[in-house]
Amino acid sequence: MSNVRVRFAPSPTGAPHVGSLRTALFDWLWARHTGGKFILRVEDTDQKREVENGLELIMDSLRFLGLDWDEGPDVGGAYGPYVQSQRLPIYQTHAKILLDHGAAYPCYCAPERLEQMRRDQHARGEPTRYDRRCRDYSAQERAAHERAGEARVIRLAVPREGKTTLHDFVHGDLTIANKDVDDQVLLKSDGFPTYHLAVVVDDHLMQISHVMRADEWIPSFPKHVLLFQAFGWDVPLHGHVPDVLGADKKKLSKRHGATSVLQYRDEGYLPDALVNFLARLGWSYDDKTEIFSRAELVEKFSLDKIEHAGAVFDAAKLDWLNGYYIRQLSDDAL
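For the working numbering, add 127 to where a residue sits in the sequence shown, where the first one is 1.
Do not rely on the hints blindly, as some may be mistaken.
The list that follows gives simulated cross-link-like pairs (lysine-lysine, BS3-like), each with its CA atoms no further than 25 Å apart [claimed, not checked]: (1) K415 to K432; (2) K444 to K432; (3) K415 to K427; (4) K415 to K444; (5) K175 to K315; (6) K223 to K315; (7) K378 to K432; (8) K376 to K315; (9) K415 to K376.
Calculated from the structure, these hints are not laboratory results.
Go ahead and model the full structure; you've got the sequences and the hints to work with.
Pasting the structure below:
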């Protein structure tokens, strides 16, 4: 399976969360197991949330865990640039392709109108989604808005009928009626893509074969499948892996304690202990083995062993594993 290409695509908004790095580890293990490629891609289209040293924190976290990448912002590769803000003309060109083929349309609605629309829908107990006011404008109506110099976004023209299905290699088939899918914004008025356009274009152009992401992204699957179909592209294999939960079974967050791998590094945890621990958050080889060397993880990792249920971050187990790995160190290493 040497054609396997997987990506870890974080946003440079701070040190990566252990949940994100668990998913990155799954990607890395699958790439190394199959002889494929592990790609680091930086999704920085939300410039307001970016922190100055965000990319360095991402790379430091991966390096500490020993998750080396084959392509990325620093090492290059055949499919770069690997930073989304450096790829804006690519996204704009692809948005125009959809416009020219009638698969997308310009929307001129002011933010105030959209906010009032959402409030009204909420008050009526309806799902909050765009009402498609601009979708059925005639060419003359659109030309009038253009002449007026009104700001516009580009939206996907979601089919009004039918269903969209994704075969998820963790959960099986996921299906939703198209009437329940929003006409998502693809290109913002400032020319920056939304996450949905950028991730689909990049996954295709970078020839990503497998997409692994947390369960929280399941609601986005129809948007992405429909975009791949609108371009006439094959959909990569997708698997939504279990969220990492705190002891209270809620999504792990700072209220549960340390959530950054770099925090654990600074507290004296060993990288092999963390890799062993993170690999077991949502993946199990035989339901009994707890200790895995890095080489054993690469050898034994498989997609069909990824679990469905949320994975609880057990700090006591991490402490136990770290103690085990410390005891394996030589006196010189200590």
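List of violated hint numbers, smallest to largest: The structure conflicts with hint 8 only, although it agrees with all the remaining ones.
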